[in-house]
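2 protein chains.
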Amino acid sequence: MDWKGAYAHRAGAMRASEIRELLKLLDQPDVLSFAGGIPDPTLFPTEAAREAYGAVLGEPGVGPLSLQYSISEGYVPLRRWIVAHMASRGVVCDEENIVITSGSQQGLDYLGKLLISPGDSAYVTRPTYLGALQAFNPYEPRYADLAFGEGAPTPAQCREAALAAGGRPALAYVVPDFANPTGETLSREDRLRLLEHVSALGVPLVEDAAYAALRYAGADIASCLALDIARVGDIDHSRVIYCGSFSKTIAPGLRVGWICAARDLVQKVVLTKQAADLHSATINQMVMHRLAEAIYDEQVKKIIGVYAARRDALLAALAKFMPEGVSWTAPEGGMFVWVTLPANIDGAELLAESLRDERVAFVPGGAFFFDGSGANTLRLNFSLPSEAVINEGIARLARLIARKNNQFRAA
Amino acid sequence: MDWKGAYAHRAGAMRASEIRELLKLLDQPDVLSFAGGIPDPTLFPTEAAREAYGAVLGEPGVGPLSLQYSISEGYVPLRRWIVAHMASRGVVCDEENIVITSGSQQGLDYLGKLLISPGDSAYVTRPTYLGALQAFNPYEPRYADLAFGEGAPTPAQCREAALAAGGRPALAYVVPDFANPTGETLSREDRLRLLEHVSALGVPLVEDAAYAALRYAGADIASCLALDIARVGDIDHSRVIYCGSFSKTIAPGLRVGWICAARDLVQKVVLTKQAADLHSATINQMVMHRLAEAIYDEQVKKIIGVYAARRDALLAALAKFMPEGVSWTAPEGGMFVWVTLPANIDGAELLAESLRDERVAFVPGGAFFFDGSGANTLRLNFSLPSEAVINEGIARLARLIARKNNQFRAA
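Quick mapping for you: the protein sequence lines, in order, are chains A and B.
Take the first sequence: its letter number 65 is residue 65 in this note's numbering, and every next letter is one higher.
Take the second sequence: its letter number 94 is residue 94 in this note's numbering, and every next letter is one higher.
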């Protein structure tokens, strides 16, 4: 069978997979890694999860139902908890505005399926979350820069360019809080400008809030969804589609996230989910409900304490060791710092040398740009390495960059 | 926001949803229901599942990893168990031929995404599994009858019709064992003829084996995959894509199924899954592995004992009560019997009357046909109702059908 005849380009972003392969090969104990994008498993509420699974399965009449098929919308008590959680973040909604997805990644896939046809324009930042590009790619969008305000193309110009490219403006996608990969946060003013822009452009705004709970400094900023509701009156008139997740707060291995949006849109996502995988795992939704009820606040507090110290250690090590010509972001939360190297240093080449000579791993930044730019950037994760690893790893990486700088100067 | 501008037709089969709504409304304790397609939860290994979750989460070093992100291919020990399971069914393969999916339904979605472009031809039986139509619909195929052998269009004619319709032959889909909805099984000879046909047509054959383990009578028949491997030499040259599931044997609520196929195709599915939901729930894969190791054979034996008796009760009640002019299948396994009514009785109208006058529910057969035919058919499930309910429910349904027959005769 010649599978090449199949629509192979729909099988995800090869480039990212190749990088992952490279990193997997080097997943050896002596490598100091800033490459992951994953939480520290020693912080997971493993004992609470053990108790919750035991309680659900041990409850007469409930246990068997936790192993049974269930509705595509998701477990009602969990959706009610999310309604209260969203209310605490300034979003008034009810359970018909919520659908449970298998992680927020699945939400992105379903939104791509619902909203993008080949040639349509998807507006994303440069750089943006690689997983969003991978989720949208199978629906074959044209990507365009999500730029707004002074100097950027007007909504009318964006629309014109989309039509000229043979499609229509389909959606905008943003990670407003402590973005993957940059760690940067959109100010309230920028969120309002962004809402003006997408409103004039007439597209839904997909708000990826995966990291929103992980703030270590500064004051909370209202979500794009909350700001849009204030503009338009209520959630059912909002164009913002909020993608939430328990992966960064409680644990990713259960695969539980959610979409919170206008009920018209949520109903379409429910039908999409019914056709695509029937529903997310029943038992995991019931357990996540128990965990959220019991430990959400204390768990977030615990994580924030550890990750904040690691962020501080990373920023201190960068300041201490990095040579001139290297700059980086100072995130107020999340899991990532974004580094910009001198223009003549290529992040992918640096990774190969770094693994070989210094045993330090990171993700070259180019993978996060839809247009092949960003070669001289890299993403550093600080949720997984200890403070000691951070200090030693950045010292080594800085040493390598300094050597390369000197080589360039000598040449 | 006007979501109607979105690609609403991608949100699944409305028709089926409407029927489900109707059935949901009538989900009242006094309704005798043959409508479900779900296993009996009293048969689930709830206590074994409780122990397995406890053991995984309680094992030092393992517990936290069961809550962590994991690889898109799926948990290696579970894939190895499936390799041995497939070997016991005559399929020689290794773990690179297996990818874990969130139920076999998700496998159908990903195969649709990989293999179907708008206007391509998807070949399905009439009737076929409604969930397959729903999974494929968003990729906008043209459906054509999966007919082969004497009297059917030749592969060349099928190909010509596909090209004339503006696409190419994309895939064939079949449930060879105890099909949903008919309960019927393809003979070995028909499987070989089918393989000839899809081979000449040049399309992959998606083999949905959801019910394959639930045989109550007759001798096992080799899977299409096993027969194709015998034809072509090895799995990596086979065009058959086998979709397996633990939903009907162990429990559906964990959402664990698999695809077993040529490794080229499996690699594409892995990339598709990585982009779409990263991976299936880590902990559920680890628990399913423990359950499969510990109880698979005894669990299947237990289910078969109960369901076989219910099938016998259903066939006996149909023979005892149904008026002349009604016929039905005699399945050797699975969960369904398929009933054909006199041509002047409409299944959907009958459902409305049956719910109102006799408090009996079933699924009208028309939903399982892509072409709107099959109005005088209905699907009866026997995995959920007790033998007493089966006897009383069929007596009532037969009474209603006899009344309608008499009305027609009188008119």
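Hints are supplied without guarantee of correctness; some may be wrong.
[Stated by the list, open to error] Take a look, some chain B residues computed to stay more than 12 Å from chain A by CB distance:
1. D2
2. P138
3. G257
4. I304
5. P342
6. E353
[Stated by the list, open to error] What follows is a set of in silico ranges between Cβ atoms, one per label pair, in the way DEER data are often shown:
7. B:P77 to A:A309: 33 to 39 Å
8. B:E298 to A:L43: 34 to 40 Å
9. B:E298 to A:A219: 57 to 63 Å
10. B:G61 to A:S327: 55 to 61 Å
[Stated by the list, open to error] On the chain A side, residues computed to face chain B include the following (Cβ under 10 Å):
11. G63
12. Q68
13. G103
14. L108
15. R215
16. Y216
17. V256
18. N284
19. S327
20. T329
21. S386
22. V389
23. N391
If you are wondering where the hints come from, they were derived from the structure by calculation, not from laboratory data.
No residue lacks a Cβ here, since even glycine has one placed at the ideal position from N, Cα and C.
Verification of the supplied hints:
Taking the minimum C-beta to C-beta distance to chain A, about 9 Å, the non-interface status of B:D2 is violated against the 12 Å cut. Remark: the non-interface label on B:P138 conflicts with the geometry, its nearest Cβ contact in chain A lying 6 Å away (cut-off 12 Å). Distance check on B:G257: its Cβ comes as close as 10 Å (rounded) to a Cβ of chain A, failing to clear the 12 Å threshold; non-interface status is violated. Interface exclusion of B:I304 from chain A stands, the closest Cβ pair being 19 Å apart, more than 12 Å.
B:P342, annotated as away from the interface, keeps every beta carbon of chain A farther than 12 Å; the closest lies near 33 Å. No Cβ of chain A approaches the Cβ of B:E353 within 12 Å, the least distance being about 27 Å, so the stated non-interface status holds. The hint said 33 to 39 Å for the Cβ distance between B:P77 and A:A309, and at roughly 36 Å that hint holds. Range check, B:E298 to A:L43: Cβ separation about 39 Å, and the 34 to 40 Å hint holds.
Between B:E298 and A:A219 the C-beta distance comes to about 59 Å, which sits within the given range of 57 to 63 Å. Distance hint check: the CB atoms of B:G61 and A:S327 are about 39 Å apart, inconsistent with the given range 55 to 61 Å. Look at A:G63: its Cβ gets to within about 4 Å of chain B, closer than 10 Å, so that hint holds up. Against a cut-off of 10 Å between C-beta atoms, the interface hint on A:Q68 holds, since the closest Cβ of chain B lies about 5 Å away.
Among the interface hints, the one on A:G103 holds; its C-beta lies about 6 Å from the nearest C-beta in chain B, closer than the 10 Å criterion. Below 10 Å, beta-carbon pairs count as interface contacts, and A:L108 has one with chain B at about 9 Å; its hint therefore holds. A cut of 10 Å between beta carbons decides the hint on A:R215: the least distance to chain B is about 22 Å, and the hint is violated. Checking A:Y216 against chain B: minimum C-beta separation of about 22 Å lies over 10 Å; hint violated.
The beta carbon of A:V256 comes within 8 Å of a beta carbon in chain B, closer than 10 Å, and the hint placing it at the interface holds. Residue-level restraint check for A:N284 holds (minimum Cβ-Cβ distance to chain B is 6 Å; threshold 10 Å). Checking A:S327 against chain B: minimum C-beta separation of about 30 Å lies over 10 Å; hint violated. Given hint, A:T329 at the interface with chain B, is violated; its Cβ is 24 Å from that chain's nearest Cβ, farther than 10 Å.
For A:S386, the interface hint is violated, since its Cβ never comes within 10 Å of a Cβ in chain B; the closest pair sits about 16 Å apart. The closest approach between the C-beta of A:V389 and any C-beta of chain B is roughly 18 Å, which is over the 10 Å cut-off, so the hint fails. The interface hint given for A:N391 is broken, as the beta carbon of that residue sits about 25 Å from the closest beta carbon of chain B, more than 10 Å.
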